Amino acid sequence: MMTPEQLIMTSLALPLLAVGLVFLFGKIPNLRDGCSIVVSVLLFGVTCQLAQLVFNGERPELVIGEMIPGFKIRFLIEPLGMIFALVASGLWILTTIYAIGYMRGHHEKNQTRFFACFAAAIFAALSAAYAANLLTLFVAYEVMTISTYPLVTHNGDEEAKRGGRVYLGILISTSIAFFLFAIVWTGHIAGTLDFVPGGILQQPFAEGKISPAGLAALLALFTFGIGKAALMPFHRWLPAAMVAPTPVSALLHAVAVVKVGVFSILKVVIYVFGIDLIRETNLTGSLSDVGISDWLCYLAAASILLASLVAMTKDNLKARLAYSTISQLAYITLGALLASESSVIGGGMHIVMHAVGKITLFFCAGAIYVGAHKKNISDMRGLGRAMPLTFAAFLVASISIIGLPPGGGSWSKWFLAVGCVESGQAWLMGALMISSLLNIAYLVPIPIRAFMTPKGEEPQKWHEAPMMCVVPLCITAVGSVVLMFFADSIYRVLLQIV
Amino acid sequence: MMEFIVIPILALLFATAITVAVIRNLWAAVMFTGIYSFLGASWMLILDAPDVAFTEAAVGAGVSTILMLATLSLVPRSSRKRGSISNSDFETKDPPRRRVISSLLVVIGTGAMLIYGTLDMPLFGSADAAIQTYPAPSFIEKSQTEMGEHGLPNVVTAVLASYRGYDTLGETAVIFTAGIAVLLILRKNKASDEIGAGQSEVTS
Amino acid sequence: MIEQLIQFLDVVSKSPHLPVLLIAIPLVAAPLLILIGNRKLVQILSLIVAWVVFGISVAMLGRVLATGAFEYQLGGWPSPYGIVYRVDHFNAFVMLFVSALGALVLTYSPPSVAAEIPRSKHYLFYPSYLLCMTGLLGMCVTGDLFNVFVFLEISSLSSYALISLGKTRRAPLASLQYLILGTIGATFFLLGIGLLYQITGTLNMADIAEKLAASDAKRAELVAFAFMTVGLFIKMAVFPLHTWLPNAYTYAPSVVTTFIAATSTKVSVYAFVRMVYTIYTPKFAFETLPLDRAMVVLALIGIFVASIAAIYQTNVKRLLAYSSVAQIGYMLLGIGLATEAGVAAGVVHMFNHAFIKGGLFMVVGCFALRIGSVRLEDWRGAASVMPMTCFAWAVGGLGLIGVPMTAGFVSKWMLLTATMDAGNLTVAMLMLISSLLAVVYVWKVVEAIYFSEPSEKVKAAKEAPLTMLIPTYVVIGATVVFGCWTVYSAEIAQLAAKALLNASGVVQ
Amino acid sequence: MTPETFFGLFNYWIVICLMMTGFYIVISSGNLIKTVIGLNIFQTSVFLLYITMGKLTDPVKRVTAPILEGGHGDSHGDHSAHGEHVAQVSFEEHASEQLHDAVKHAHADLSEAGHGGAEHAHEVAEVLYSNPLPSVLMLTAIVVGIATTALALALIVRIREDYGTIEEDEILELDKELQ
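Chains A, B, C and D are the protein sequences, given in the same order. Take the first sequence: its position 260, counted from the start at 1, is 260 in our numbering, and no numbers get skipped. Take the second sequence: its position 202, counted from the start at 1, is 202 in our numbering, and no numbers get skipped. Take the third sequence: its position 454, counted from the start at 1, is 454 in our numbering, and no numbers get skipped. Take the fourth sequence: its position 176, counted from the start at 1, is 176 in our numbering, and no numbers get skipped.
Any given hint could be a false lead.
As the list claims (entries may be wrong) - Here are the simulated lysine-lysine pairs, DSBU-like style, with alpha carbons at most 30 Å apart: (1) K457(C) - K109(A); (2) K314(A) - K374(A); (3) K109(A) - K27(A); (4) K462(C) - K40(C); (5) K374(A) - K109(A); (6) K27(A) - K457(C); (7) K498(C) - K283(C); (8) K188(B) - K40(C); (9) K176(D) - K142(B); (10) K218(C) - K283(C); (11) K209(A) - K72(A); (12) K27(A) - K209(A); (13) K283(C) - K209(A); (14) K375(A) - K161(A); (15) K498(C) - K14(C); (16) K444(C) - K176(D); (17) K142(B) - K211(C); (18) K27(A) - K459(C); (19) K314(A) - K109(A); (20) K218(C) - K109(A); (21) K209(A) - K498(C); (22) K72(A) - K498(C); (23) K109(A) - K161(A); (24) K176(D) - K457(C); (25) K211(C) - K498(C); (26) K176(D) - K188(B); (27) K462(C) - K444(C); (28) K457(C) - K161(A); (29) K462(C) - K161(A); (30) K161(A) - K218(C); (31) K93(B) - K176(D); (32) K211(C) - K61(D); (33) K457(C) - K444(C); (34) K27(A) - K462(C); (35) K161(A) - K459(C); (36) K283(C) - K211(C); (37) K109(A) - K211(C); (38) K109(A) - K462(C).
Everything labelled a hint here was simulated from the structure, so no lab data went into it. Fair warning: this is a prediction, and the values are worked out from it, not measured in the lab.
Sequences and hints are given; from them, build the entire structure.
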């Protein structure tokens, strides 16, 4: 049995080991891909062990050392991070299996680079999940940006290059110009960068080291600086990243990358500001009651609606899913910024629910592409008969994303709605409701049309994608329903943090 | 008495400098530079610095003038102007007006700043200037006692060889560097060299 | 960890003559090498000399870390009569990276030199290189102001010669342009020394500092300061006195560019810091004179203008040259803060940037050797034939941008923290935004080499030789190592900053 | 400003004017050789400034170059002919200067214990020396200067070989044509 410290170390080392093995066996595809799968299963095992500890109230810690004089790279696992790590590592197994099927079925080049970068991105996701301070989080965040860039530009054509440029440009610029600035500013005011329950800014605020306006500015810097949360107007990178192969879109742009973004925002809200500070601080004193996060909440709500509307106009399936992701991420950001207990719990829970649901949708999109070479929704009429499993999974996952029972998403949306009321912004609930309706409008017709419309002209060409693609998507689809019944345990775990 | 010698020298120095600035013929400019160095050397002699004066006369007025004349006479005709050496090759063009004005502004600014700085300087020749009182005992006394039997009567030489010997070593290194440099620059590439001078190859 | 190293170095560094050996060995070796004249032998011997010099620097740093600053009186003459070499944390640190890069670049050089410099000149090239390194080290080690001038000239003259060796006819012209500006700078510096000498009667830096504190010749002090500053700013290539640098870096042979870009401007920055913090006081420089504001403005304008200029370059050497001008701005920003954190940030950026820029120019040298061009359009698609070289560029480029886990991030972080602690939020913000420009010019190259169809020249090329790749990877690797582990970079820089500020009477 | 200060600083100002003339030539000239000439004059003037600083004058005592006169040590028999010559020259210079000063201050000078008059000038046993250090420094600087000049000229020869001209604007024009 390993000590908690060793467990953390192992769980961080395993993805790196995978990077090494993938490069080492780059010439022998079967061995290379075998290694990926074995390592991912091992990693999930280790993460589960850690989760057991964390959910029982322990807080395992690992200090790597000083990266910059006075600032340490340190990991400390708390429940929110643990949940995120579980989701990322668990879905990594499925994605790896799926990716092997997809990449081979598609005869992609540079598969070695692909799998290596993939493992590196998982490493970054886990580091971010375990980060004990803002510096560690930032380092992990940037490592993730860099390691996913080659994945986005994987195809190497002009379109991929353009997509990569937007991706890197927005993520790096926002992170350096805003996020880094906000971190250093926080350090300057608070004297520490550690994540502390209750926040580290309360004390300096009470001492008058920062004004309410300053606090509001700092919060805005964090919110925009964490560009991976794809809050409008810094959302363009996400559709741009859709030029990547579908497994990348699935794991990274539905799970790891974007979830690192919203996860970071939640962390900042809970452990740097402290939800009390955000909820109780007014910009203008007693006269009118303008909270420091209010305008950001409105922006998030607008982002939810706008992204949904844009999604409706997209015919390309992946683009539609990308805008749907932007919209769903804004739910989580909104939950964080509302800074009430329920909204934060709802945000945290939505990380899980949305991850499982959205990865299913992307898997389906990939499977459709592999099986039928269709990218556009308008071409998918009647496909459902040839690919029943895929479209069934699509339907189930859509229900979860929309927030209808029996999808897991119904719980997280419920908590978010309650959060709106708790923090006195009940009318924002309206935005959530309208958006859910929009979700129905842009997601449900896809499987419906695929099943209902009579067959097209060339049915013989269509068939289900290879088993390695179909099995993972079925598992995740089932998962998104099963989560409905585990929402209670997630709730109880998350209750520890607020 | 001294003024009678100094004033003409200074006047001449100044006149020479101005002449060099305005004259267009390069041969003449070089000769006037030599004269300038020579006049400077004379003044140094009056200022109690015979060693420097002689070095300046030899190096500044002598060697450097010769080098410049040699440079001027090394005139490999350009392909465009093949033919006899015409005197016009050695006429410089007047700088454009804008450059003259901006240069003058820079120079006047710099000069004014320096003059501002001199306002705090000890007066010429004053004995209580820091430079004359510090360090005590002075180099002159010190060199005599410390050097013992080796005490050179010429304190400049003594200091050069002892206290500031490493400046002298550095000075030798400078000359040596310049020597290598000139060799490197002027040495023709041998036929055995794989790469040519690559005059025609322009990488930018 | 640090104690063990100190113990080891303590044994090595017992010799009291280390500071003079540092200068004397290469200075004596250079003429001997020319007498030897054999191309291969000269190459090997100069390599040995360079590594010995590096060893001495390491030993000196070890000694400083163990026992603090120490002095060496040349010829046994004490100050103010004789010349004194003084080694403290700051210059030991600067000498360490100057000699390290000097040795590494020399190790890397043979194939590149063979390709770019005529064979018959090799036996002159290596001694010139050693002399240039000696000059730079001499400027650091000496505690005598006039001696600084002498060494400045040694390094300058040899760099003029080295730059003029470039293949194209523009190299001599670039060299002459540098010579003219450089000589103006050096003469200004000499003038400043003269004024200081006249009001203090001494040339020893510590001595001058003492006398200046008591002196009331404020106007002369100020003018001396101004002239020395302008002189050094020219050598540092501070905007707008940087005009010599892009041409010089572009047209010099790759090895020369690498060495000069990595070390030369940093040593001038060193001299400037010495002047401000050891000879004068930061109080004088930043309160009596508003030099800090002027420096912030110059630095920021310089960073923006040079970075934008870099974006538009199609010649990679010139691109990096403009980037160098911009990076000097960051060092100035840190130094101008006059706080311990600020100076430490400036100093550590000297160190980090030396490695980053050195590494990147080494990569350029590899490309120049195999592709025969430094134009970006000829590098297109190089990743397919030169994967190792291209990867080195990517890593070095990330360092230049300042991505976490590279040395550039450490400097950026420290600089930002220091600026913020000094209460200058606007400057901190502008600094961050300016650093985004680096993303554009670095990534322009990354895209070209990784995601383009190979150009004709690339198709004929092959991977750079190992003798060049290994030193390149050592330097590039160092940028990553010093990005994650800062015991020997940032922590020494902090010690140096502390010592400097304590010496100049700034209460912390 | 008193006339005394004015005359005391006058020498420096002259040197500064010379220096600035040199500097002007450097920055205004488009001809490479002319630029080098300018550098030469600029540097020479800086040497003059140093030397001016080192000079010592004294109303009474004799001031000479820092070359010790005979009888001072017992072991200077082997000094060079060059040194001897210099010593003599400066001695003569300063003898005349001394005479002049002595006359000027003859009646005002009370510190010489009642002695007055021109004839006493020769009785002053003590000799003052100008500061040798500026000379030492400038010897080094002159050598540095000539090294720079030589290097610059070598570069100019190369440039003229390559471009056929030494006018800066023509060279830039030629480079532009090629691009």
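Hints versus structure:
1. K457(C) - K109(A): Holds: K457(C) and K109(A) sit about 24 Å apart, inside 30 Å.
2. K314(A) - K374(A): 14 Å, holds
3. K109(A) - K27(A): Given that 30 Å is the threshold and the Cα spacing comes to 12 Å, the pair holds.
4. K462(C) - K40(C): 25 Å, holds
5. K374(A) - K109(A): 21 Å, holds
6. K27(A) - K457(C): At roughly 28 Å apart (the allowed maximum being 30 Å), K457(C) and K27(A) satisfy the hint.
7. K498(C) - K283(C): Status holds; Cα separation ~16 Å.
8. K188(B) - K40(C): 20 Å, holds
9. K176(D) - K142(B): Roughly 61 Å separates the two Cα atoms, so the pair is violated.
10. K218(C) - K283(C): Holds - the C-alpha atoms of K283(C) and K218(C) are around 13 Å apart, at most 30 Å.
11. K209(A) - K72(A): Roughly 24 Å between the alpha carbons, so the hint for K209(A) and K72(A) holds.
12. K27(A) - K209(A): 58 Å, violated
13. K283(C) - K209(A): Answer holds: K283(C) to K209(A) is near 27 Å, not above 30 Å.
14. K375(A) - K161(A): Holds, because 20 Å separates the two Cα atoms, which is no more than 30 Å.
15. K498(C) - K14(C): 25 Å, holds
16. K444(C) - K176(D): 26 Å, holds
17. K142(B) - K211(C): 21 Å, holds
18. K27(A) - K459(C): Holds, because 23 Å separates the two Cα atoms, which is no more than 30 Å.
19. K314(A) - K109(A): 29 Å, holds
20. K218(C) - K109(A): The hint is violated at about 71 Å.
21. K209(A) - K498(C): With a Cα-Cα distance of about 27 Å, the restraint between K209(A) and K498(C) holds, given a limit of 30 Å.
22. K72(A) - K498(C): Holds, at about 21 Å.
23. K109(A) - K161(A): This hinted pair holds, its Cα atoms lying about 16 Å apart.
24. K176(D) - K457(C): 25 Å, holds
25. K211(C) - K498(C): 23 Å, holds
26. K176(D) - K188(B): Within the cut-off at roughly 27 Å; holds.
27. K462(C) - K444(C): Holds, at roughly 22 Å.
28. K457(C) - K161(A): Roughly 22 Å separates the two Cα atoms, so the pair holds.
29. K462(C) - K161(A): 25 Å, holds
30. K161(A) - K218(C): 60 Å, violated
31. K93(B) - K176(D): Distance ~20 Å between K93(B) and K176(D) Cα, so the pair holds.
32. K211(C) - K61(D): It holds: about 28 Å lies between the C-alpha atoms, which stays within 30 Å.
33. K457(C) - K444(C): Holds, at roughly 19 Å.
34. K27(A) - K462(C): Holds - the C-alpha atoms of K462(C) and K27(A) are around 21 Å apart, at most 30 Å.
35. K161(A) - K459(C): Answer holds: K161(A) to K459(C) is near 21 Å, not above 30 Å.
36. K283(C) - K211(C): Holds - the C-alpha atoms of K211(C) and K283(C) are around 16 Å apart, at most 30 Å.
37. K109(A) - K211(C): 72 Å, violated
38. K109(A) - K462(C): With a Cα-Cα distance of about 22 Å, the restraint between K109(A) and K462(C) holds, given a limit of 30 Å.
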